[in-house]
Every structure is written in C-alpha cells, then in structure tokens.
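K.L.:
Using the sequences provided together with the hints, build the complete structure.
For the record, the sequence lines run as chains Y and A.
Counted the way our numbering counts, the first sequence spans residues 1 to 243.
Counted the way our numbering counts, the second sequence spans residues 1 to 224.
For the record, the hints were derived by calculation from the structure and aren't laboratory data.
Hints may be right or wrong, so weigh each one.
[As the list claims (entries may be wrong)] Cut-off 35 Å, straight-line C-alpha distance, at most; resulting in silico cross-link-like pairs (DSBU-like, lysine-lysine):
1. Y/K14 / A/K139
2. Y/K127 / Y/K152
3. Y/K126 / Y/K152
4. Y/K126 / Y/K157
5. Y/K59 / Y/K179
6. Y/K126 / A/K193
7. Y/K8 / A/K18
8. Y/K14 / Y/K59
9. Y/K59 / Y/K127
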Amino acid sequence: MFLTVASKSLLNRKGSVAMTLMAISVAIFVLLGIEHVRQQARDSFASTVSGVDLIVGAKTGSLNLLLYSVFRIGSPTDNIRWETYEQVVADPAVSWAIPISLGDSHEGYRVVGTTSAYFDHFSYGKKRRIEFTNGAPFEGTFDAVLGSEVAKTLGYKVDSQIVLAHGLATTSFSLHDNKPFTVVGILAPTGTPVDQTIHVPLQGIDAMHSDWPQGPANLTIKSVSRPAPPRRNRRASLRLCWA
Amino acid sequence: MTIELHGVAFSYANDATKSLLNIDHWSVARGERVLVHGPSGSGKSTLLNVMGGLLTCNVGEVTLLGERLDTMNARQRDQFRANHVGYVFQRFNLVPYLNAIENIELASTFAAGKQRSSVREEATDLLHSLNVIPSDWSKPTSHLSMGQQQRVAIARALINTPEILIADEPTSSLDAENRDNFLRLLLGLVAEKNTTLVFVSHDLAIAQYFTRVQALSEFNQEHC
Ligand SMILES: Nc1ncnc2c1ncn2[C@@H]1O[C@H](COP(=O)(O)OP(=O)(O)O)[C@@H](O)[C@H]1O
Ligand SMILES: [Mg+2]
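P.N.:
Below, the structure is given as structure tokens:
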C-alpha cells in the first residue's frame, strides 16, 4: 500500500521529481569530478617526484613553490642565498639535497641549474631513477643534459651546441650567445616535466651571467645534494629538494 | 459514556489570551447522534480536533471509550484514532492522486487487525451503499465532484468500523436535496452499526436527523 502511495505521489509531481533528480545528479557529477581531479593531481604529483620529503624555497605560497620547483610552472618569486643552502645541508637530519636554479630558457624550454646530485637522487613514479639514452651527466661548466622531449623536438644530439636565453619567453632578446653549451647527455623519457627540461651545472649558470653587471638576476633555486648515509633512520633523514 | 470532556480548556498558541474552549463537563453516550451547532468561528472544528486527539487541550480530561486521550503521547493517540475514530474533515482531506478505493484502503492499513483481502470488499460495499457509481472508483479523487468526494470521505471514515464518527460540516457545500440524501445514507449506516456520531454544522435545518441537538454555547464558555 505504501509503495503504491509513494509511486503515485511521485508520479503526481513528475516535474519537481525530475528537477530534483537532475539537481542531485549534477551535484553527484560535480562531486565525483572533483574527487577524480583531486586523485589525478595527487597521482600526478606522486609520479612527478618521489622520495623527496621537503621542498625549500624563498618566501612564497606553498602551491607556487610546488608548481615552479616540481612542475616547472610559473616563476620563482625570489632566490635563497647560497649560505642558507649550505647551512641547511649541513644539518645532520638532511641526507641529501638537490639545488635547483631557474630563470633561463632555450626555445621555450626551461633551463635548470643543478649539480650531479640531480642524477644521483632525483626519482619519479615508484622510485624510478632518471636514466640516460645517450651520453652521461655533465662534468664541465658548459655541459648540458637534455630531457627527452627537448632533444627530440629540437633535433639535438650529443655534441650539439645550444645558446641559452635569459628569461622564459620563446623569443628572448637577451641571449647568452657568447657562452654556448655543449650537449653531453640525453635522458630517457619519464613522462614528467624532466622531459622538457635542460639541465646545466650551477657553475654554468653563474658563469653565463658573470658578464652581467648586476649579477645573476634570476638565480632562483639552488640545490646541493649529499649522498645519503647508509642505513640512516628514515625519520631523521630528510631528503631535500632545495628551491 | 463513549465521549467525556471534563474541565477542558483550549487556546491556540498564537492567541493564548483568548480561551476558545472552556467546557466544564460534556458527554455523549453510546449510539447517540449529536448535532453541535454554532456560528462559524465559534470553535466547532477546534472542539472536534480536541475530541479526536488532533489537538491536545491545555488542561482537562478527554476520555474516549474509557481511555484518557490527554495522557497519551502523539503516537498512541494516532493509533487510537486509527482504530476507534472515523473522521470526516470539513475539507475531506482525501489524498488527491489516489483513487477512491486506494484512499479507503490507505485508511485501513493504519488500523490494527484488519484482513487485507476483506478490505477491498468492504470498501466497495460502502461505496455502493453511499451511491458512488463504480466508474468513479478508479478516478483520482481530485477529479471527483464535491458531493462525490464527500461520500468517499465518509466511506474512508467508516472502513475501520469505528465506535465513534466525527463529522465536521460535511454538508456545507451541498444543496438541500443532496444534503438530505446524504444525511439519510449516513445516518442509515451509522444506525446499522450503532456508531456514536458527533456532527457539527452551522445549519439547523438538518436537526431532524439527530437524537440530540445542542448549541456549542450551551456547554462552552468563551473567555477573553
Ligand atoms: N490553527 C489555528 N491557529 C490559530 N487560530 C485558529 C486556528 N484554527 C482556528 N483558529 C481560530 O479559532 C477560532 C475557531 O475556529 P474554528 O474552530 O475553525 O471555528 P468553526 O469551525 O466553528 O468555524 C477562529 O477564530 C479561528 O480564527
Ligand atoms: Mg470549522
């Protein structure tokens, strides 16, 4: 009996029932959509960088820091000083750190100044290390290691010469053309922003800007990495990505 | 006594200064057919609501069939009403999207101890004896005329063979001829089952059908 009453009552209000159903489905759709996006963002972050406990940078929003240091989106607001970097790295709780210096580009691809610690410690996905398809990590000041997409799109091979530009625009007016870099290594595809990155030594960035009167204007992220001491307490050993 | 009111006072919460009902003592014996009359707004519907347990009085005792209604909680009152009281509202209050049979069956599902299979039979019997033609049984009650709705409302009130039938001006929207037909049918059914009837109306022309006729003002002192 109550089922009859309920169904007839609903039928009697078809219009508002339909509207209600529609509103509920839209709400559920939005809810699921947001949940999906959230999950994707989390997965994407987790697969972009792994094994890092802390990202350190100059005063800025945490989202901004994450975006420019990990995803290479947006620009750093400020730099941190080298001494600060060394101070933190000296902390016994820090097992390794990777410095990152941003601000230059080549054909629209971001240039990251870093150290060989990058190739020793940086990992993505499920703790996967970055690998080389050609060549090796940089050694000289004007050596460069290209992400797979950079090499493929721009047709660079080991021994190609590239000129970096100051700033991030594709057509920059301030080319560092007196200091060309030589490609020494090309990385295997990772499916992360590493593929779109040109890696050069920190000294290269410094040297490149050395003729600038005011010094390295955009030297943003510096990182130094120390090898992780064997069998260290996981809690106490912070792996740092230093921005 | 089937119905007994003792020292009952009632006022609506939004008008608490005016005590609408003030009844020292009023009772109805089993099988009596009482007509309570009075002008509109005098509190007739309110009296029936208090008597039927739809409203609870501020003070006093309301006793139906020997049970104290005023000490029951809302759930117990509803169950008691479903089992023992038939109620015909001034506006019938039929479920508009259910047909006549379904409205009657719905009322019977709230009463205890009824055989489901016998309900439909009894419902059709009642509708027959109230002169509702079978083609109207399956129409949603919102498609029925006032007179037809009123008969369905009576059938619904009587389906659980209540000891008490309360009727709130069910004839007010009928012409004289229909009204007399209707009252003859109703009182026939009531007499047959020896149901106690309390019927209110502002219309004294129907007094001949009742065993007792009283003005509300005879036993109710309105205080301000
Ligand atoms: N729910 C309510 N809340 C407040 N006042 C009400 C309510 N129902 C009725 N009244 C008032 O109570 C008085 C009596 O109403 P009612 O019992 O319906 O009279 P009758 O049925 O005799 O016409 C009227 O003045 C009315 O305005
Ligand atoms: Mg009334």
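K.L.:
Each hint needs a verdict: does it hold in this structure or not?
P.N.:
Okay, the hints, checked on the actual structure:
1. Y/K14 / A/K139: holds, 18 Å
2. Y/K127 / Y/K152: Given pair Y/K127, Y/K152 holds - Cα atoms ~25 Å apart, limit 35 Å.
3. Y/K126 / Y/K152: Roughly 25 Å between the alpha carbons, so the hint for Y/K126 and Y/K152 holds.
4. Y/K126 / Y/K157: With a Cα-Cα distance of about 29 Å, the restraint between Y/K126 and Y/K157 holds, given a limit of 35 Å.
5. Y/K59 / Y/K179: holds, 32 Å
6. Y/K126 / A/K193: violated, 84 Å
7. Y/K8 / A/K18: violated, 42 Å
8. Y/K14 / Y/K59: violated, 57 Å
9. Y/K59 / Y/K127: With Cα atoms ~29 Å apart, Y/K59 and Y/K127 stay inside 35 Å; holds.
The structure fails hints 6, 7, 8 (numbered hints given earlier, in ascending order).
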